[in-house]
Amino acid sequence: MTRRGSRTAAPIAALIAIAGLVGCTGEDPPPELAKDIYGPMGTIRPDATDEQRETFTRGEAVAKHRFTAAEGLGPLVNVSFCAACHEKPVFGGSAGRYRDFYLTATKLEDGGVIAGEHGGVLTAYGLSGAKLRPDLQEGVNVITHRNPIPFFGVGLLAELPEKSILKYADPDDEDGDGISGRPNFDRGFVGRFGRKAQTVSIEGFIRGPLNNHLGITSDPLSEEQKAKLPVPSDSGSATNTRQAAAPDEPLTDSDDVADPELASEDLFDLVSWAMLLAAPEPAEPTPASERGEAVFAEVRCDACHVPALEGPRGLLPVYSDLLLHNMGDELADGLEMGVAKGDEFRTAPLWGITAVGPYLHDGRADTLDDAIRMHGGEAADVRDAYVDLDDAARADLITFLESLGGLEQRTSGLLPPDAPIPADDEPGAPIGLTDDADRGRWLAGRALFDRDTTLEHGLGPFFNGDSCRACHFDPVIGGAGPLDVNVMRHGTRDPEDAFVAPEYGTIISKLSIPGLPRREATSAHNVLEPRQTPTTLGLGVIESIADDDILALADPDDLDADGIRGVPFILGDGRLGRFGWKASIPSVVEFVRDALSNELGLTVPAIDGLTFGFLSDDDSYADPEVSLEEHDALAFYIEHLAPPRPNAEVPGGIEVFEAVGCDLCHVPELPGGDGPVPLFSDLLLHDVAANGYFGVPDGMADERSFRTAPLWGLSTSAPYMHDGSAGTIEAAILAHDGEAAAVRSAFEALSSADQGLLLEFLGSL
Amino acid sequence: MSARHALFGILALALTACPGGGPEWPDSWEISHSVDASVGAFLSVWGPSPTEVYAVGGNPDAGVIFRFDGEDWSRDETVPADVPLLNWIDGTSGEVWVVGNEGVALHQTATGWERVDTGIDAPLWGVWGAAPDDLWAVGGDTAMNGSKPRLAHYDGVAWAEVELPAHNRPESTRALFKVWGTAADNVFAVGMDGLILHYDGAAWAQSPFALTNDLISLWGSGPDDIVAVGGRSNGVVARWDGASWSGELIGESPGLNGVWLDGRKRAWVCGVRGATGLLDPSEFAFIPEIVTNHVLHASFGFDDGPHFAVGGSIDRNPPWQGIIMIRGEQP
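Chains A and B, in that order, are what the protein sequence lines are. Mapping of the first sequence onto the numbering used here: residues 1235 to 1999, in sequence order. Mapping of the second sequence onto the numbering used here: residues 10 to 340, in sequence order.
Calculated directly from the structure, the hints in this document are not laboratory data. Keep in mind that this is a model prediction, so the values were computed, not measured. One or more hints might be untrue.
The calculated DMTMM-like cross-link candidates involving lysine to aspartate or glutamate, where the alpha carbons are at most 20 angstroms apart (straight line), are [claimed, not checked]:
| no. | chain 1 | residue 1 | chain 2 | residue 2 |
| --- | --- | --- | --- | --- |
| 1 | A | K1298 | A | E1499 |
| 2 | A | K1341 | B | E180 |
| 3 | A | K1365 | B | E180 |
| 4 | A | K1397 | B | E298 |
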């Protein structure tokens, strides 16, 4: 191992000169800052060839592709697409806490640590016969959080020669500065990717999560493909394997889809896309950032966050040594990966750091200031030096960190800064705004809808999403959600077929705040039922439908003997429910309150006449955690979201729709406050479940009853049915049973042409 | 027709035809034999003499055995036709046994290989015996939920499964990979998650080992000098000194699969990425030498040479290519 290299305390502008002093032999020219590597986050490196640009476009499409079970998704799943976890502030980045996940292990009495199965990844969903909410593996006693890691510039890190990393290693702290730093290894190569630098190749860093989080299996790329990657990764020769070509094995899983489930050309494009992502572009220095840069060196942040590593293109301002450091007991996660111990983590690169929070391996830090203050172990002295700075110096240091790229793209959620109000013909557009004050309220509500709720806001302790947008983003903010944001409900079906809800409610949250294990179902919870996220587009219009117009459609005793009932959900206080899969929520504002409390773990203000939401919880944040102003703004935003707009009319479609009998429940339109509302629903409860089905009841909606789902926007709100079990519209039709069995049979009896016409019609809504 | 590398074939012939008398072997790792995907990979190598060495392996659906006569490798055609992949060979008991997938066990007879029922349907990964009527086989299905490590004993008449002793590894520890001993009352088995078991002639019991990486194989020079190797991404070397196991994770080394100890108590190891290494007695660290881009799975040799390392493209989907590396003594 080489002795720890000299660590520069110089501003980037001076790196060239400093590096020259370090590396000058009298013959070699001093290294310069790498050129043509920067760009806005999510864009391709400027030096990419035309062919690479085509590959980049295809690879991004693979990253965004929503896999279905028919394509191999599962059986164990956290997300259905790569970009789900790499979206902040744009695709390729990190994600808010709603994409956190858990890693598990078993720590033995003698101290040995064994990673849990499935790469140690505890998944939220089971498909293809797996338990709908996979259990914690027996014997697991280490459960730790992870927040997704950004990919910007990773291709440049893959190019780094090992000596550029090893140069800073000092495992025994021979220089006595209190900072060690040792490499991790993967198949004998110096690791560089992952929170513990446990992976050496980008291909490996993609194939592993694809399998562990999506259940998508893949084979390693061929030698020919590896040679064509933007970072050439072929073996080179029999005995001189490139580090980027660390061999990996084919992956398999237990679903019925043949392995590999990802085509090798798609994997090639995906790996290429990651390799080609531009490095975050540093901002022009300002007096404050230059002062902060000096403070950064003064307090010795640069002891680990080495300003630049030398690659084949020159110096990369990555602000990391990519080495492992002991970060102390408070940050320790107890996991061992490669040579990394439970308290060791890779120095996080700081380029673009301001735009990819939350921070630290488990996302426990809301802000950069929090993150610095949470450093421990080898960094304790540096942390203390930071804490001892005056406010101005600390602010300058933060300003410097914010200058390392991404500041202009930073957002409190996912909407770009200053995102405009969509035009009337665009999805997600407003409706019914009369003046600038309304538009201001709507924008404020949208910003809240999109905003990642921080720990300081009172998120959790158990939650499904950290924002409203976290679940409602298909095809735009306010829309529906894919199956990887399904809400899981559960409970116990007792021997008398009565449903018994857990004391904390029927929702078993997907997540918990960092440091707290998620809530686990017990063996007594023998009923699990996912609930797909429906769109909020048009809820205000639905609210304008008079109760009487809904009640007029009800036929709870099937008095007309058409086999279709239609039961209104009447709340205990007499209000008519109309929102949610069980029609149990009477109004938009109650929908907002319910979601804020049950999905985000936030308490809401007490308001006369409103009964949904929690007014208090047992966390340390003052209640209500949502102010009245925020509460009202959110409700206003949703109340004024325009319904999905229909596509071009499909001639003859409505006739087939009605001939089959779909319109018996999916009533094409109801009268609304401003005219007909073409929602294709009667907003009543029906039993459309298969024989023997037993789900989670809600009030007067029994375990088999669900509200007729509105069909507007159907083509952009997959998956379908209450549990998201239908990947296509046709599959959804075929999943209808009970009261709808005759209608399904009528559909099955249609000619292929008429079936196609009906599906086209439904897709046009 | 052997698929021996043409250029090396010339070299090997020149080296083995040394006018000084006995055969000489290359002074660095060379390809002794390679086979295409129609044959498969080689997972184990063993022999009683430099002119009688066996390499076993194949593809998941078809096991193969090749024999080395001191010059050439040839396929043994007496292997039963329906035999799946063969994982290990051992003849230290005085009789030669091979085990493989689906619990298969082959016993070498005067007329060839004879299949013997083990009563086990899981893969058997290792076999070793102290005597013809005292053999042990180990295995387990690494991919099947609920599968347990398997132990089986052969008493000269039949194989019988032996109950696994209590151990502290989790339910996901599903296999033992190799078994080796110095006597009937001193046998070790190693497997997933660093599980090590010891048999004292009366019962199996867990032998404490602090590391939790998979241990793939083991060999020794005596009751107080046994080496086990493993790891998947990073190499692991474990040593038994007669009283306890100690081990180290060797980051600079890819995962190790094979180990054999020579008369100087040096451990010849091999593993992932075609890594080979030679560990001095009592040493853990070594500098890996990459000699092929195939995975090497097993080591074996003779004090005066040759030494073998065998493997193949087993880091890929089958069908696999196979390779047998050879070299002479290393100073």
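State the violated hints by number, sorted upward, taking the hints as numbered earlier in the document. none
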